[in-house]
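The chain contents come next:
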Amino acid sequence: MATIQLPGRRRDFRDALSRLHWPLIGMLTMIASAGVLTLYSAAQGSWTPWALPHLVRYGMSLGILIAVALIGMRVWQYLAYPIYAVALIALIMVPIFGVERLGAQRWIDLGHFQFQPSELMKVGLVLALARYYHGLRVEQVSHILFLIPPAIMIGAPVGLIFMQPDLGTAMMLAITGVALVFLAGLSWRIGFLGMLGAVGAAFAAYRFDILHQYQVERILTFLDPDRDPLGKGYHLLQSKIGLGSGGFVGKGYMEGTQSELKFLPEMQTDFIFTIFGEEFGFVGALFLLGLYYAVIVTGISMALRAKTHFARLTAMGILVTFALYVVINTGMVMGLAPVVGVPLPLVSYGGTVMITIMVGFGLVMSAHLSRDGEGGLGL
Amino acid sequence: MARINSHDPERQEVLTRRATLFGGAFTLMLAVVGGRLFQLQVADHQKYLDLANDNQYNRRVLTPLRGEIVDRFGRPLASNRQTFRLLFIPEQTKDLDEAFEAVHAIIPLSEEKRARIRRQMRRRGQGTPIEIDADLTWDEFAKINFDLPHLPGVLPEVGEARNYPLGGATAFVVGYVGAVTDKDIAGVVDEGEENLLRQPGFKVGREGLEKTYDRELRGVPGALDVKVNAYGRVIEELTDKARPPIQGQTLALTIDAELQLAAMKELEGESASAVVMDVVTGDILVLASTPAFDPNDFNFGIKPDLWKQLNESPYHPLLNKPISALYPPGSTFKMISAMAAEMSGVSPSFTVSCPGKLWYGNRYFHCWKKGGHGGGINMRNGIKHSCDVYFYTLAKSLEIDVLAEAAHKLGLGQKFELGIPGQRQGVVPSREWKKAYYAHSPENQTWFPGETLSVIIGQGYVTATPLQLAVMAARIATGKEVRPRIVRVTGDRELPPQPFSDLGIDPKFFATIRAGMDAVVNEPGGTAVRSALENPEWRMAGKTGTSQVYAITAADRARGLAKPEDLPWHRRDHALFVCYAPVENPRYACSVVVEHGIGGARMAGPKAREIMRAVTTRNPAARPAYDPRSAVGAQQARAG
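If you read the sequences in order, they're chains A and W.
Residues in the first sequence are numbered from 1 upward in steps of one, following the numbering used here.
Residues in the second sequence are numbered from 1 upward in steps of one, following the numbering used here.
Derived by calculation from the structure, the hints in this document are not laboratory data.
A quick note: this is a predicted structure, and the numbers were derived from the prediction, not measured.
Cβ atoms here follow ideal geometry from the backbone N, Cα and C, with glycine treated the same way.
Some hints here could point you the wrong way.
As the list claims (entries may be wrong) - Partial chain A-side listing against chain W, Cβ under 7 angstroms, derived:
1) 185
2) 243
3) 246
4) 249
Sequences are here, hints too, so could you generate the full structure?
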């Protein structure tokens with residue numbers, strides 16, 4: 001990174017900045033602003049404890065995004081496997097050195113801050129798979145021998161995270177990985193057989209008590225929210241009440257009662273969309289969904305125009321992750337998906353996820369810069 | 001490393017196709033999310049708006065104070081006292097076990113208690129608190145309040161609990177209250193009532209008058225609308241629309257607490273009962289039963305070991321003996337026997353000689369007095385000396401149904417409307433009764449004259465409660481159909497005593513038995529001369545009774561068992577005494593039964609005398625009773 005401050009590179013640096021996809025950054029900033037706005041309201045009109053840190057983190061993460069973008073795809077391609085390896089080693093270390101929080105070991109304490117290896121893996125897996133398929137011809141993708149490395153690349157971290165236990169992240173990671181294999185050109189026939197296998201495995205997991213009791217509960221509650229009206233289903237019901245009572249135009253900013261009266265648990269993270277929807281109504285919620293949609297569509301067009309296959313696949317992988325966040329979180333607060341604790345990207349409070357997403361979009365941006373020439377600063 | 005080929009058009013084509021597919025899938029999913037959003041926010045908006053309002057506004061039930069139960073002079077027998085209680089609101093906690101541990105550090109919270117709280121969580125309404133502890137000491141209460149910031153979901157509160165100032169002395173009259181069970185709620189259709197029953201710590205009457213008059217005592221719940229948050233914490237009280245609760249009605253009894261205590265003291269140490277009645281009004285002044293439980297022990301749920309102990313005691317401290325225990329009336333039945341004989345035409349001057357035993361059928365019937373009473377026993381003296389042979393002789397020519405009729409008229413074999421549950425009817429044997437009793441064994445249905453010999457001295461099939469014996473004494477004293485009552489006032493409604501109708505028995509039939517009862521107590525040679533009252537104004541008439549529990553056999557005698565004291569306690573005879581005073585113009589009647597007290601004259605008579613001495617000295621009938629229209633009466637009585 002020191003290189004970008006070299007005097008001789010000044011012109012390139014300014015040039016590179018101007019070639020960034022600023023509309024995308026604008027959309028991301030609007031989404032993050034919605035987060036700041038909602039967090040301010042959730043705290044009853046206070047910058048603390050959520051709104052201000054969120055704003056500051058976004059600012060810092062935006063810097064990271066630009067840095068990641070400017071470093072350039074070549075470097076990332078070179079570092080793809082090493083990053084994956086670091087993330088995997090960190091995941092292995094979690095049960096050994098990890099800190100237990102809320103009944104699950106997901107964190108590693110690095111002195112001043114705690115770090116969640118599973119977040120690093122979200123980027124690491126995308127990079128590693130993209131790197132792998134970058135070196136394959138399309139007819140090799142569906143070859144059974146060439147399917148073994150990606151299966152291990154996906155399976156190892158998913159298994160480790162599953163055991164932490166963090167069902168939500170493990171699922172997200174698995175879906176992202178499988179999606180990348182498809183994007184790389186896996187034949188539908190093999191894909192279909194794989195799906196069958198996955199369904200069988202899920203059934204086996206349920207049958208043989210591999211899932212934690214609370215995970216089974218969550219899934220069952222999702223299937224029938226009335227079975228536990230004061231437990232998980234209660235939160236979902238309160239979330240639906242919040243959204244539903246918001247109506248077409250919403251109750252107005254800072255006028256939401258569900259959050260004011262604390263009917264929503266973890267409202268600053270998992271249920272932030274409910275507060276937004278309650279206060280800004282159908283119109284506001286649809287607008288926010290529209291922003292996400294625009295980000296994805298813009299992202300896809302950027303990805304497809306990237307120079308290298310690695311860049312294209314990396315960007316697509318990031319977009320898949322991002323889209324999963326959006327769909328699962330919004331689906332969850334409305335009772336379309338199980339309550340698995342997936343945040344709404346850039347709006348939910350939480351630093352680690354914010355950094356992951358912005359690093360991801362840094363890679364998307366980097367792919368974009370690579371469209372004509374080497375991109376970045378030509379490292 | 002594979003050769004990097006960044007210009008593979010086929011590969012790029014596949015990716016483009018599949019990325020487009022992904023975009024399409026994402027569009028579809030977002031459309032579903034949007035559709036769901038439309039359903040929630042636009043289509044079903046009203047439904048969720050209503051639910052949101054339900055969330056916010058909560059109708060709080062204001063629990064009414066339970067009505068008091070006071071004695072005839074307004075002295076409280078059941079009242080309410082302030083308690084420090086601990087409520088718990090599960091919605092305010094994140095982790096139930098953590099919350100329990102935090103409380104446990106200050107007041108012990110056993111596993112059973114935690115399990116009970118979890119059970120109650122399922123039963124109560126959303127946001128309704130659960131009572132963890134109903135009766136904290138001031139120290140505990142202070143500690144909880146001090147630590148409150150670290151105790152999630154905990155709500156210390158000043159509550160009300162039932163208080164029985166006289167404890168066991170009035171246990172069998174007032175009964176006790178207990179926590180609401182699922183069964184109580186299951187039968188309730190009215191939603192308001194159900195809400196009241198679900199209030200934390202709400203109690204319903206479980207025994208005695210507390211049970212029978214539960215509705216009257218409950219009062220009318222008030223209501224207060226409050227704005228609450230998800231944790232049930234009140235944000236705002238809408239006080240202008242509040243409706244205050246109304247305390248339950250006061251129940252004023254006929255019992256005189258002072259005399260009740262005196263009677264309980266007199267019976268202490270025995271398994272016994274005493275009933276004192278005002279024969280003019282039927283007011284029950286004393287309804288004593290020993291040993292008694294303390295109804296205060298039931299306030300917060302009785303401890304299992306205490307409950308076990310109460311249940312297993314041979315002295316039956318949970319049995320309301322005056323109305324629920326049946327005894328053979330023994331010789332106290334002889335007034336009925338004499339009256340029946342007179343009703344069948346036997347003259348009171350009919351005289352018998354008592355040699356101590358009488359041959360009838362195939363065996364001897366013994367008189368209680370070995371060697372007999374000698375000659376010249378007429379009906380009056382038959383009662384005075386309680387001569388069994390005299391009555392055996394009467395029995396030989398007495399129709400059992402006439403005896404039964406006399407017994408019914410004098411109050412046996414029937415229940416009286418008192419409002420205290422558990423009253424028993426007893427047995428007054430007759431031909432018809434025996435036929436019904438042996439409905440399944442026709443060979444036993446015939447009435448044998450020999451059985452009349454047992455019944456005429458109050459043994460055999462005949463049984464009665466102490467209450468019935470007191471009513472019998474009152475009816476003999478007045479010749480009227482005296483009916484006992486125990487509730488004088490409910491709320492502000494005073495129940496005036498009903499004038500009793502005549503029993504429809506020729507007054508001359510009472511003369512002999514009254515004279516006999518007078519002689520029992522006041523004439524030398526009477527079986528209870530030791531139990532006479534000194535005050536001539538309150539000359540007392542009475543009758544002893546000893547009812548056999550176990551017949552000493554020849555084998556027992558051979559082993560040297562001659563005296564009843566040699567028998568184990570539970571095989572000794574019951575001691576009974578019935579009486580009324582004064583002889584002229586009677587006012588009070590009394591019955592005393594001492595279980596296994598060996599002899600009426602020895603154990604029951606002296607106790608009855610002490611009780612009647614207290615009754616006649618205090619003369620409660622002459623004192624102004626509690627007047628519901630002026631609560632002043634009650635306060636005076638309380639101050640006194």
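Here is how each hint holds up against the structure:
1. 185: Where the cut-off is 7 angstroms and the nearest Cβ of chain W is about 4 angstroms from residue 185 of chain A, the hint holds.
2. 243: holds (5 angstroms)
3. 246: holds (6 angstroms)
4. 249: violated (9 angstroms)
Of the numbered hints listed earlier, the single one contradicted by the structure is hint 4.
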